[in-house]
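Kindly produce the complete structure, drawing on both the sequences and the hints.
Note that the protein sequences, when read in sequence, are chains A and B.
As numbered in the working numbering, residues 1 to 293 make up the first sequence, in order.
As numbered in the working numbering, residues 1001 to 1841 make up the second sequence, in order.
Calculated from the structure, these hints are not laboratory results.
Keep in mind that this is a model prediction, so the values were computed, not measured.
Don't take each hint at face value.
[Stated by the list, open to error] With a Cα cut of at most 20 Å, we get these calculated SDA-like pairs of lysine to any residue:
hint, chain 1, residue 1, chain 2, residue 2
1, A, K271, B, P1836
2, A, K117, B, F1126
3, B, K1392, B, Y1358
4, A, K71, B, Y1358
5, B, K1827, A, E15
6, A, K117, B, P1111
7, A, K271, B, G1260
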Amino acid sequence: MRYRVTHITEYLYHEPVSHCFNLANVIPRSTKRQRCTNNRVTVEPAVASCSQSEDYFGNMAYHFEIQRSHKKLSICSESDIKTGPQTLLMELDQGITCGDALAHMATSTDVETLMAKEYLFNSPIIQSNEALKAYALPLFAEDRPLLDAVMAFTQQIFDEFTYCPKSTHIGTPLPEVLEKKRGVCQDFAHLQIGCLRALGFPAKYVSGYIETLPPPGKEKLVGSDASHAWISVYCPSEGWIEFDPTNRCLVGEQHIITAWGRDYSDVAPLKGVIYGGGEAPIMNVSVDVTQVE
Amino acid sequence: MSQYHYNPALNARDEVYDAAGTMKEHWRYLMESLEAMGPEAYQRRHEKALRILRDDGATYNIYTEQDSPVHTWKLDLIPSVIASDEWAAIEAGLQERAELFDLLLKDIYGPRDLIRTGVIPPEALFCHPGFLRPCQGISVPGNHQLILHSVDLMRDGSGDMCVLNDRTQAPSGAGYALENRTVMSRVLPSIFRDSHVHRLALYFQTLRATVANLCTTQDQPRVVILTPGTHNETYFEHAYLANYLGFHLVQSGDLVVRNGFVWMKALEGLSRVDVILRRVDDWFCDPVELRSDSQLGVPHLLDVARTGRVVIANPLGAGILESPIFLKYLPAISQALIGRPLRLKTVKTLWLGDGKDYQQVVSNLDQWVIKPISRSMGLTSQCGALLSNQEKSTLLEAIQAAPHKYVAQPMMSASNIPTFQDGEVVPRPGLLRSFAVASNTSYSVMPGGLTRVGVTENAFIISNQTGSQSKDTWVVASEPERIVTNLPGPDSALPMRDAELISLPSRVVENLFWMGRYAERTESVLRLMRTVFVMFSGEEVVSSDCRRILLNSVTELTATKPGFIDCDKEILYAPESELFRVVTDSQLAGSVRSNLNAMLYCADESKELLSSDTLRVINDIHDALSELDMGLTSAFGSAPEEALDPLVTALMALSGLAQESMLRGMGWRFMQMGRRLERAMQTTTLIRNILVKEVDVTDQNMLIQALLLTLENLISYRRRYRGRMGVQSSLDLVVLDTSNPRSLLYQLEQLSTHVKALPKASETRHELRLEERTALEAETLIRMMQLRTMCLREEGQRIHLDQTLAQLTDVLGSLSQYISDRYFAHKTPSQQLVTPTWGSQ
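Here it is in structure tokens:
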């Protein structure tokens, strides 16, 4: 599919910001199933300097500095992206079993497996623990195909957790998410990653967008699409496979990747240091995903 | 046999004696010379060394001590001696090791082939908090990424030198080694000269050249040393090296990123910085991409380094090389990267993240020293054999919870070096820290390095933080050394930029300004106190009116209200306790002690600009300050003013030094402005308090005397006016007479001169700036003064005098504010755009 994505982030400050240094992760990266053919980032007020570089995870990082006093910061990223579906060598219920996958993780010396281990360990937001392991363990029987188990797990999170946009802020501790069984897509992704890692399977956090379709007979509203997050799990026989616990599905063409990392902290859309600004700025995000022929 | 004879410990390896008890040849000359010198002469030299270290301001701050963390650097006069042929082998080993660590660094932040090929297990790198992912791909110009490499070495049981750990974050100690050498060559000149010790100069020349050459775009790059600040344990060294190498010493607040470059906030605006020699740990350096809660960082520094517009040495991220996990895999790493094992031994290291190693260690904890994998984790090394059962199980629990956070190394005892301690020469285990700096083709190693010895014979941790002594390290040549020229070659790296002389960080200039102000403030308060003491204990009776006026002046001058203002009459006759408080109470803002503490703080912040004579006077002030309480308490019965004399003298010496031996640069000017401004303000306050109120003739005479005495004008006045005390004639002398360096107008004239000389933009060369106009206003106000009008009285007050002086005080206050606004850096508070709710890793 071909998409045009417009992602606008706005910060409204209560007091003027005299100066700011920011790092934005808003430029979609190219991946095996996706190519970003065109991108433009516009910042208001105008930047004094900016630089664009590929970061450690291969994401496109956009650094900028603003020197003029402002009470509103707006950053708009427009991209043309071509996506494809995930390709699997085998059906989900036929690949490597959980037991074999763990054995492979323990002994294999192939490069992809060694490098995948980076996503097995604790990261700033995701600290693995026994409760997380216990929550997912029943689904991951030794002789069950790994991806089949992950799909079932994706379904389980969808069934048992309530999507509740106002229920958490980003970085809610996982024990709390697990206990309250509610959250937003970032929380579900973090939770699923935490459980997978606790079981011994490497898992990544993926940020991006998803195309939403308007209810039948209605016009699609501009800006109604959301920034989204899901996961990617490492399966020795297939490589990295993405799942979306918020929508209980295997990730498909309508999922557009911006960046990936160990957790949200590696791919936060915008972070940085500001001088002034007062307390608690108001943030508005608007995302528009349009299919183009 | 004298007590200065050295008896090695039994059953321990010794540097001086071999196993058969024979003295090694390269120690003979030194040991014989020391013995011949005898205990008394040795003791005298030891004291001399202490004095020099103190005068140089050589200090080391110990973090755990709240009250007085500043210690004079500890140097033992018996050097550690290494024969040059053995050193040649060590040096080659250190070079090879530095080369290897350079390749390791390139791989870690590059392709990570060592992980891809299974040489290092992924978790050894990926789980380490020192692995800074944002530093991926940063590249430093030249052949080497690792610029500075240090290791701690000890001689193990088999007699080989063995590496205990590597230091790559911001290795410290080279400056202390240089200071040790400087002191040794002065205190033991003949022994030093005759020992043919390899010189240190070449190392520092290479360091200077290498660092300067890291900038490839400027012929004359601006290099700064970035220090965490005066509270840092090795701050002395930062200032000392900045001075020695001719680099600016800056704190993070002095640096700012603008337009994709790094700049130093200097007096004349922003000056571009090309190279940063950092002494701040890498994860603190940039709150945007590294630790978001860091107060020691410069926002966006990492991104500027990434684009190559500033070069940082060691590069950000280099701290990862200190991970002791690498020591376990070093043989394999070495094989993979240079195709052979390292020549220099490394201590055996087990990593508890490895299953086999874990079993081996926990099954017999007594054999091991357990160390954290990162110094950032707030954990200390623990020696299994020295732990109680309770402590052992606590440690085991911690290990079980996160085994990958620990390594284990066998207990080792370092060989002994003779050390002077409590009047005897005793054997103490020694560690050697080496220093290597990248040069064109390889690494240049400092001959010797910094030796530290344990506090006790069986000390297991040898660190300055535990109070260890240091030693100079002598690599002694069997034949005379090649003379290394100290003169820079024709195309040497760092010719002075014209602007360099005036380009000081604004923070330093601000501190000099305030140093001047505090010094002057203290001096004028002390002078007034002396006057009060002298008058109150003098032959003439001081009336209660007079007492009240004088004591009120003390309160006003020190701004310590309520103090004596409206106090009971009894207190006028027993003012000692309040006066004592005004001098000694450090909690009382405005007291002599708090002013001096503030002044000493400013001196510390601008330390690299102060001459060694100035540092010595600063020491005297420290001394006088610590003896002040005692002196005053015991002196209150008789002549208490004498207790203040040492301080007044030291402060006079300070101002004299500034006048006589400070370069007439901007630093000097700002210090002078501070002094003139403060003296003008203090004199104004004093005159206003003493002369405005109308009193009877006897009191008037006494008060005029007090004023003149305080301003050191009494003698001149008597000469001129033959003892007739008049308000008008005294005002003439203390306000208007510009041949009197303590008169008000003299201060104002000087102020105007200094303000005029400050840097200004070329387009407004002829227009007076706000601060020039204000200085002129102050000067004019006093020049236009008519003494007869000033003396007119209305309702018991010299009302015109009062008004004029009040106006002057306001104008001077504004002037200080304008100078501060224009020339000093003002820190705007910053915050994170998004406050992370998760902890910093």
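Checked hints:
no., hint, result
1, A:K271 to B:P1836, "holds (10 Å)"
2, A:K117 to B:F1126, "holds (8 Å)"
3, B:K1392 to B:Y1358, "holds (15 Å)"
4, A:K71 to B:Y1358, "violated (56 Å)"
5, B:K1827 to A:E15, "holds (17 Å)"
6, A:K117 to B:P1111, "holds (16 Å)"
7, A:K271 to B:G1260, "holds (18 Å)"
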